[in-house]
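Q: Kindly produce the complete structure, drawing on both the sequences and the hints.
Listed in order, the protein sequences are those of chains W and C. Using the working numbering, the first residue of the first sequence is number 656, and each one after it goes up by one. Using the working numbering, the first residue of the second sequence is number 15, and each one after it goes up by one.
Because the hints were derived from the structure by calculation, they are not lab data. Glycine included, every Cβ here is placed at the ideal spot set by N, Cα and C. Treat the hints with care, since some could be wrong.
Not everything, but these chain C residues come out facing chain W in the computed CB check (under 8 Å) [what the hints assert, rightly or not]:
{"#": "1", "residue": "Pro92"}
{"#": "2", "residue": "Leu106"}
{"#": "3", "residue": "Asn110"}
{"#": "4", "residue": "Val114"}
{"#": "5", "residue": "Ser158"}
{"#": "6", "residue": "Lys351"}
{"#": "7", "residue": "Gly481"}
{"#": "8", "residue": "Gln485"}
{"#": "9", "residue": "Gln486"}
{"#": "10", "residue": "Val516"}
Computed cross-link-like contacts, DSS-like style, restricted to lysine-lysine with a CA-CA straight-line distance of at most 27 Å [claimed, not checked]:
{"#": "11", "chain 1": "W", "residue 1": "Lys876", "chain 2": "C", "residue 2": "Lys509"}
{"#": "12", "chain 1": "W", "residue 1": "Lys973", "chain 2": "C", "residue 2": "Lys79"}
{"#": "13", "chain 1": "C", "residue 1": "Lys244", "chain 2": "C", "residue 2": "Lys268"}
{"#": "14", "chain 1": "W", "residue 1": "Lys939", "chain 2": "C", "residue 2": "Lys81"}
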Amino acid sequence: MPPRLNLFTARAVPALCQPSTAAARRSIATIWNANRPSTTNGVKSGLSASAQMTKRWNSSGSDGKEKSEGFKGPTEDPLPHVSEEAAEVSKIMDKRCDGGVSSPELEQGTPISEILQRDKNAQKHAPKVMQDQMKNQSGKRSFSTSARRMQPELEKSADFDDASAALVANMVSQVNAQAAELHPGLKFDAPSKPLGKTDNFRSRYDGLLEQLTKQLMRDGKLSRAYKDMSFILDHLRTSPPPNRNPRRPLLPGPPNAQLPLNPLLYLTLIIDSVAPLVKIRQQKGIAGGGAAVQIPVPLALRQRRRTAIRWIIDASDKRRDSNFAMRVAQELVSVAEGRSGAWDRREMVHKLGVAGRSNLGYLMNRR
Amino acid sequence: MVSSFCWSCLTRLPTASPRPMLPPTLTAQRVAAFHTSSPLMAMPPKKKAPGQQQGPKHRTATTFKMKKRKATDRVRPPPVGERRALRKRIVLSNPNALEVADMQDISAENMVDSRLRGSILGLPVPMLDQLRAVQAFKPKQGWSIFRRPGTVTRRETLELGRLIDGISDKPEDKGKVVKRIVTGPRGTGKTVHLLQAMSMAFTKEWVVVTVPECQDLVLANTSYAPLSEKNPNVYVQNQATAALLSRTVTANQKVLSKLKVSREHPALKSPLKRDTTLEALANLGIQDPASAWPVFQALWTELTATSPAPGFEKDFASRPPMLVAVDGLAHWMKETKYRTAKYELIHAHDLVFVQHFLSLLKPGNNQQSVLPNGGILLYATSASNSPSIYSLDVALERVAARQNRVYPSSPDYPMPTAFSHPDERVLAAFESPKSSVPTEGTLTLQTLAGISREEARGFMEYFARSGLLRQQVSEEWVNEKWTLAGGGVIGELEKLGRRLTVPVQV
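A: Below, the structure is given as structure tokens:
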């Protein structure tokens, strides 16, 4: 991010060159002002002040006239303003190495705060706003700006002996502060991208858990379904490890004894193991004669799981327990032990799928 | 005479009128006029072979018929009491969970050890029967997922441990009575605090008397009757009292079987033998619930006795301190579901059982404290099952104010708002002036809040070491959960610990 301000404005150059001149002393003074917060300070200082100054000059009549191009007639060049004439004189009289002018007041105008410092009478009749600002120079800042005080560079910059080094440090800190201002409202660091999966509360649970919970939901009562889901997981946690049936094996995983301690893995193994690979579609009109033909269609992972969950919930309806969550939990364990009716349905579908492989030719011929 | 016509001619005479021409009949019936058998008897047309005709024909319109799901018949409802038993079932062990290696049991030594703050102390297995007998465990407290029950040692626990230790062993604290009402938001561990107090009291061989659920006494679930002819407005609950005796005897059998009666009890039906143990005395009330209340009074007198009556000196042993734990106090501060003979609601303070336990909050009389042998009264409110009773709120505020030395004479002393009609009996029940006995403390209020971050860390590590939490327990993670749990509310921390979220991908 480029800084908004030009670092090396015209004000900074003489200070680096001749630190002992009045102009340089002024800019050193602005360093200390800049370290203080600028919001409650009456004196607009530092780079932002000089930026404003340039802006004022651009719009002011005297300076703009000087720079205007084009041919000027003999009558169009009146005598310059008194102060400009004096400036010209002094420019000639005490010229500097850099060609700058000697008096800071002529070059940049006089800040109102300096006038007020000199003139006690003017201080007394100053507008109330300015008087208030002068009184409350050590006012409290809002909390949101206090982070800048913590910056170690700023703390250290007070120790600099060399004013020019301090000036550079000041400018760097100014730029840092402005860069920080570009992200308003962030007290701490912005989170790193990409976000973790748990950072969004909608995806804090496993995908399978979400899918099962939504399918457990009855009458749109989601929080009831969440409660049932946690009951099921606790049942898997506390029920004894399953005696696996070798004819209906679960997918490969950890040994039996470790399954209950990881109920999520246990549940995933159960559901993925009974999930069918295909579904059977009854397609009419491709074999001719109006007969429907059974065509196996492969399923995606989510579809497979959905089918398995539906079978398990259907099979659990035959159980006697009055608690729905308990019925489903017991059915899940019986699936793990190879006893559930969901396995029969899976075998049936797979048998039809194998038998229907030959029918896939109809689909090919139709194309 | 012979006719002029011959017979043959006569027969050939043409008919007078031509025969009427009928149109040919169309029906077969008319044709076959002479058949007498019914045409229905004929062979019926042959039906086509089944299978070809069934079902709707190809490309004919069919009406949509929704299949009715066959209702699975619930054969019969479960037997009476089975569902309740399932609901109230307390499971204290999960054999699948891992055993935490260096978990200590609560004992007389480590209940005052402040180094153990934030660690989990297990409940000793022999004590579990006692704790079950006094119904210290509640069904939804989440004991069932750990290998064995254990509790977090928090700041309040250690303070309680020192108190119990002092009353038992230190001579300067002998006979000290501490009266506390335990309150706090939901899930902050009030009931478990009582459980910890009971476990420590069992360790020190105190007598523990509990009312595990105040609501059971006011729901009109147990029988009730006027106390006597003289006191028709006070009601006794014999079954509930017998249950209380049963709890007390089962849990404190070891202590009570050693103690003998120390005086005559004329209120009992039959005089007792001299060497009757307190266990046998209590069993009288369990066997005959009609006499449960006099037996309970006799037992209470024996337990609070400091010296034997004349003639009973031989078998007298000094009585141990007592712990009285009551849970769900707010249910005792309103009208019950019981009715008088005039069909008016009975106030809970008219039940003699309730009266007895509430009178313990007051200072004792006859220059004796309510528990002359020392002990602790812990009365806990409930935040999950609690009727909203304004008078109780004010009364508890007053207790807290007196604790902070704001006395009734002060303008800051909490008063019920105007026209709120507070229940004066409730307010009076918690008015506890300073006792004349120096060892008897005044009623204080103890408000439990969330546990500290260090204690929360110990709790979360317990989950991880039991194998229930598959996550790295770091400082940052614990702080996050501590904040999510409302500043360490331990019930919420427990929910977060067992919740299966997606692990953080690093």
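Q: Are W/Lys939 and C/Lys81 close enough, with their CA atoms no more than 27 Å apart?
A: Holds, because 22 Å separates the two Cα atoms, which is no more than 27 Å.
Q: Taking the least C-beta to C-beta distance, is C/Val516 closer than 8 Å to chain W?
A: holds (5 Å)
Q: Let me know if the C-beta of C/Pro92 comes in closer than 8 Å to any C-beta of chain W, holds or violated.
A: holds (7 Å)
Q: Does the interface hint hold: is C/Leu106 within less than 8 Å of chain W, judged Cβ to Cβ?
A: The hint is violated - C/Leu106 has no Cβ within 8 Å of chain W, the shortest such distance being about 11 Å.
Q: Are C/Gln485 and chain W close enough, Cβ to Cβ, to be under 8 Å, as the hint says?
A: Since chain W brings no Cβ nearer than about 11 Å to C/Gln485, farther than 8 Å, the hint is violated.
Q: Does the alpha-carbon distance linking W/Lys876 and C/Lys509 stay inside the 27 Å limit?
A: holds (20 Å)
Q: For the pair supplied as a hint, C/Lys244 and C/Lys268, confirm whether the alpha-carbon distance does not exceed 27 Å.
A: violated (38 Å)
Q: Using 8 Å as the Cβ threshold, decide whether C/Asn110 counts as touching chain W.
A: holds (4 Å)
Q: Given C/Gly481 as an interface hint, is its Cβ closer than 8 Å to any Cβ of chain W?
A: holds (5 Å)
Q: Using 8 Å as the Cβ threshold, decide whether C/Gln486 counts as touching chain W.
A: Cβ of C/Gln486 sits 13 Å from chain W, so the hint is violated.
Q: Holds or violated: is there a CB of chain W closer than 8 Å to the CB of C/Val114?
A: This interface hint is violated because 14 Å lies over the 8 Å limit.
Q: If you draw a straight line from the CA of W/Lys973 to the CA of C/Lys79, is it 27 Å or shorter?
A: OK: W/Lys973 and C/Lys79 at ~25 Å, within 27 Å.
Violation of the numbered hints given earlier is confined to hints 2, 4, 6, 8, 9 and 13; the remaining hints are satisfied by the structure.
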